[in-house]
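Visitor: Per mature numbering (1 follows the signal peptide of the UniProt record, and there is no 0): the sequence shown = residues -22 to -1, 1 to 1165.
Heads up, a few of these hints could be off.
Here are the simulated distance ranges between beta carbons [unchecked claim]:
#1 823 with 1070: 51 to 59 Å
#2 730 with 104: 30 to 38 Å
#3 52 with 14: 51 to 59 Å
#4 800 with 1146: 33 to 41 Å
#5 104 with 9: 23 to 31 Å
#6 848 with 647: 26 to 34 Å
#7 194 with 52: 44 to 52 Å
#8 429 with 845: 35 to 43 Å
#9 1146 with 845: 41 to 49 Å
#10 854 with 104: 28 to 36 Å
#11 955 with 1146: 32 to 40 Å
#12 429 with 1124: 29 to 37 Å
#13 418 with 730: 26 to 34 Å
#14 406 with 1068: 39 to 47 Å
30 Å max Cα-Cα, derived BS3-like pairs, lysine-lysine [stated by the list, open to error]:
#15 1112 with 198
#16 1112 with 25
#17 198 with 1140
#18 441 with 581
#19 914 with 1140
FYI, nobody ran anything at the bench for these hints, they're computed from the structure.
Beta carbons are placed, not taken as given, at the ideal position from N, Cα and C, and that holds for glycine.
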Amino acid sequence: MRRLVLVLILLAGTATLLPATAQTVKNKPVTFTLTKVGVKEFLAEMKKQTGLDFVCSSELIRQLPLVTISVKDVSAERVLGDVLKQLGCKYTINGSIVTITHRDQKGRTRHIEGVVRDDQGEPLPGAVVRVKDKGIQTVTDNTGHYVINAPTTVCQLEYAYLGMQTHTSDFAQGTVDIKQNIRMISDNRLNEVVVTGYQTISKERATGSFTILKHNDIEKRHTGNLSLALDGLVAGMQSVDDGRGGKTITIRGTSTMNADYTPLVVIDGFPVMDNPSSGASTNPNLNALERINPKDIESITFLKDAAAASIWGARSANGVIVITTKKGQKDGQWTVEGSTQLTIAKKQNVHQLTNLTSASQTINYEKWLFEKSMISSPYSRNITNLYSGLTKSQLLLYQGYNWGTMDMAEMNRQLADLASLDNTKQIRDNLLQRPLQSMTNVALSGGIGQWGTRFSVEFIHEKGDFLGSRNNQWKMDWQNEYQINKYVSLNLGLNLVNDNRHSSQIGISNLSILSPYEMLVNSDGSYACHFHGSYNSDVLNMFDWSGFTYHNMNYNLLQEARSRRQRVNNTQFRLQAGLQVNIIDGLRFNSKFQFESSRYTQKRTNDEESFYTRYYVNYYTPGDMDGNALGISAVPAGDLVINDKGKNHSNLFRNDLTFDKVLGEKHAINAVIGNEISNYYYESWTNPYLWGVTATNGGTVGQEGYVDTMDGSQSSIMGVPQNGKEHVYDSWNHNRFVSFYGNVAYMFDDRYGVSFSARSDASNLITSKPKYRWSPLWSVGAIWNLANESWLSKTDLVNRLTLRLTYGQNGNAATASSAHTTVSISSSSVDEWTGQYPGSIYDYGNPTLRWEKTAITNIGLDFALLNNHLFGSVDVYNKKSTDVLGSVNIAAVNGTSSASFNNAELTNKGIELSLGAQGAIGDFTLSGNLTYSYNKNEVTKLYTEINNVSDFLNSDYIPGYAMSPIFTFEYGGLNNGVPCVLDTEGNKYSINDESLFYLPWKSLLHYQGTTIAPHTAGLNFTVQWKTISLSAYMNGRFGGKMTMPQFNYNYITSWGEKSNVLAQVGDLMDSSGSVITTPTNMMPLPTVDDDGNPISLMSYSGWSMYPRSLNMAVEDASYIYLSEIDLNYQLPHKWLTGLRLKDVSVFGKLENVGLIWAANSKNYHPDYLPGSYRPELTCTIGASIKF
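Turn these sequences into a full structure, and let the hints guide you.
Guide: So this is what it looks like as structure tokens:
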């Protein structure tokens, strides 16, 4: 076979010089004298003086005679032409590459030329192009361009580049020159490694169940919240909205009842603090995934089974997410990257948020209630009814039907006026705003000598859905690595996040209390008077407020939104440092340290124009039962300010030895042994309320014990005033851990491998008894690379086939209980009899409190077929959680009837499938990934007495059933005009009989399924043509159940907070007010009681207990959702060369596109039912640049 020689002689120090071009060669003068030298030496001298690279056949070089030449300041073009002509050769110049062939090949060769690019459209300089089995090859220039002389006979061209899958193109016989552009596909499996946080192991040698995402998978989602970028990409991972604009993630189901159920997050080898529970009114801490900039991520590894995660011990039962950030390259080229994008979303749908019916339908239903006398007894219109919420239409109906203070004609006229109103537009225009987000990223990376660094910063500004809602956030990350010598290296990482959020404290709950006819502003622009949700506005307006601090007690939601402000500032800092010492070949010592700190302040300001402030200042004014003020308020007039604060910090110190070496070519060993100590501290507190805050006065705290200064016969008309320091609150939590760990993996001949890991943790959270304090957790695993067997390695069909088997135990720390009795001291108010702060037992303690444990068996198969065009994995697992902390019924003689003990057990069994495919057809590249998972969970043991119907309808954990089960009555239709339910023998029970809820469940309830979907799937695919790509992301859940929204049947039949008529009344009553006697999948409105008499208030009040508990209310929660469509265009590289730019891209995306299919009858998204927040369609446009 003919051999080729590539003569590439590089000039020292030319790394920063641009390659020579064909034009510069024509003018480049050369001077040298050569006597009887070979052509190879001649070309080397030409290379030395011109910078050209030469490609020719070694066989041709051997055949050519010696060269003698002497030139001075002669152009390179002339020298090449003269010498090669005398040698009977010809040449072509392609950029800086000169290809030399023999002249007598004319008629037997043809030119094939083109550009070789990667799957992102980036040119690939230095790619090898060869004629297969012919000994002819060339390489691409700096623009990816190539020219090769191929035979005119049938032939194959191979294109090869490191990190890319080898591409082969077939050419038929012919003499015509051909232009052939090639798009190569990344070989993601080449040198793919698993990062556990302690070790980095080749995936070919890893026994555990892992999923790896690369930075491209994350970056192309164009989001600043990492949890959103992960949705649908990982088999076995479920995510639900967390109410903060992100996702809460679980992996392979839930393995606990009262402990943390989210995965442990590890960044660059360190577990990071997550969002701890806080005693303050809100918890503004960002969780671990919110704090990291997705553009800083190099890779993410999901550890899902025991062998993968047990190295993390007592915090790994929920899985582990290991994030590796990008680093600068030592002595590498400096790179600057930047991107900016703008996102705009639709305003929220008012009806989706409130789930209220129209004003006319509201009044129709309320009139029907009054006509049927199905309302509470008329109130006496005095202070005793202050807390009986009332709507404006209800007040009119009372005046007409009950008090006789308004004739029916006037009542109906005023009701008709109300029915004609609709506040939807005013809410949309004044209380809602169009969400906007701008995001800018800048990163600088590179290195000098032995120092590598990367610095990045991200700025996010966003405007939320509600008036006054906005957020400013910035994230900074600085990673440094320094190689002191060949034995010792240092690394230092700094991460800083600042999040500054503002809101008006207005949300869905406020909108839902607003009646549909209550306009925000009057026709003259003044604030309309709303009926408050918690206080009877009719009663409030009866009293003479002239003796009080504030004379106007009208309430208006828009005024509240404009006069109430909340600001939360959160700063979080992370420092990581490490020392690595290479002791001998393969043996390293690592010492690492991490410190984290988080501080937040929350300031809630209520201007004195707000009802909240006016109410409380007047509340603390003594008065009589007739509403007369008898003194001055205990708190001054002015703004009311509430301050909350919190701080968290942690530190972790770790030392370990790592051995990673291949012995004798066939024996690969990777081992680590070490220990770590960690400490976590959380504290939060609420300061006393500051009253009377003005521009010149910082406010005062309510006086100590002012209740005692009041005459016993006097009280506020709104109740008995409380202590001025009622709102002081302080909570803290201090957790300490010490751990020892080890892991060893052995691989023979890249075919057979085993692994073993062990870890033991101790914590102050656990009882002091040594028997329970330590958590010895371990795992074993085995791997067989079948594709490396001789009987399979020779086929091109199978590129990878790996069988894995693991078993082991992971752990979880149950922090919801204590090993000791704990006491809570109330600071809300002093006892009015003792004058002291009261205390109570918070937790009676569990003297045997110990770690929760989860044993996991996993069998997996990884595969890559058809030249890596089809690849994926299949896993089958069984998780059994024991010593789970659960509530147990105990004898009341102990001081409580229940306590928490480690005696519950759970199981999660499932299957996971991940399937990917990729291929290219000309300039088209297609790729896609499908993930599917099935998880069946069950509570197998729980020593809690759950017997009656009410227990089963309200418990998330019932032995023998899946978590979050749904139990229902079987609806029996109407029995003599009254809805009824059936027992298992077909006996009928009226729904007016509330005693059914306290009977044994077995004869009355039926299991419908679980709200947790057992089947989940995700699908994403990308179609790319040249430098334009289009991607789509879909996800789906199947097999779960949902309870459809039901009507609030007992609306206003018992007084409490003001409530409104839900939209579901439209299924029970038509627009004219006529009752629908046979509604679909709902109980009809009542007409008679069990005795055939007209329905009364008392027999109707129990109807609220049944609607959601009937079998016809439960439907299939399966759905398929199109979450995202992305479009990206990368500018051609040839446009950027002169500008010294490496990459410029523009992109756009649509997010929250909508449901493709839903199984339920109303086409609802099960996660966003009416009356809740639903993400609306968003559009993003942006650009990125790299140079």
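Visitor: So, for every hint listed, does it hold in this structure?
Guide: Consistency of the hints with the structure:
1. 823 with 1070: 51 to 59 Å: holds, 57 Å
2. 730 with 104: 30 to 38 Å: holds, 37 Å
3. 52 with 14: 51 to 59 Å: Violated: the Cβ-Cβ distance is about 20 Å, outside 51 to 59 Å.
4. 800 with 1146: 33 to 41 Å: holds, 39 Å
5. 104 with 9: 23 to 31 Å: Given range 23 to 31 Å: holds, Cβ gap about 30 Å.
6. 848 with 647: 26 to 34 Å: holds, 33 Å
7. 194 with 52: 44 to 52 Å: holds, 50 Å
8. 429 with 845: 35 to 43 Å: holds, 41 Å
9. 1146 with 845: 41 to 49 Å: holds, 43 Å
10. 854 with 104: 28 to 36 Å: violated, 44 Å
11. 955 with 1146: 32 to 40 Å: holds, 37 Å
12. 429 with 1124: 29 to 37 Å: Taking Cβ atoms as reference, residue 429 and residue 1124 lie about 34 Å apart, which means the hint holds.
13. 418 with 730: 26 to 34 Å: violated, 51 Å
14. 406 with 1068: 39 to 47 Å: holds, 46 Å
15. 1112 with 198: holds, 23 Å
16. 1112 with 25: holds, 26 Å
17. 198 with 1140: Not satisfied, since the Cα-Cα distance of roughly 34 Å exceeds 30 Å.
18. 441 with 581: At roughly 19 Å apart (the allowed maximum being 30 Å), residue 581 and residue 441 satisfy the hint.
19. 914 with 1140: holds, 27 Å
Checked against the numbered hints above, the structure violates hints 3, 10, 13, 17; every other hint is satisfied.
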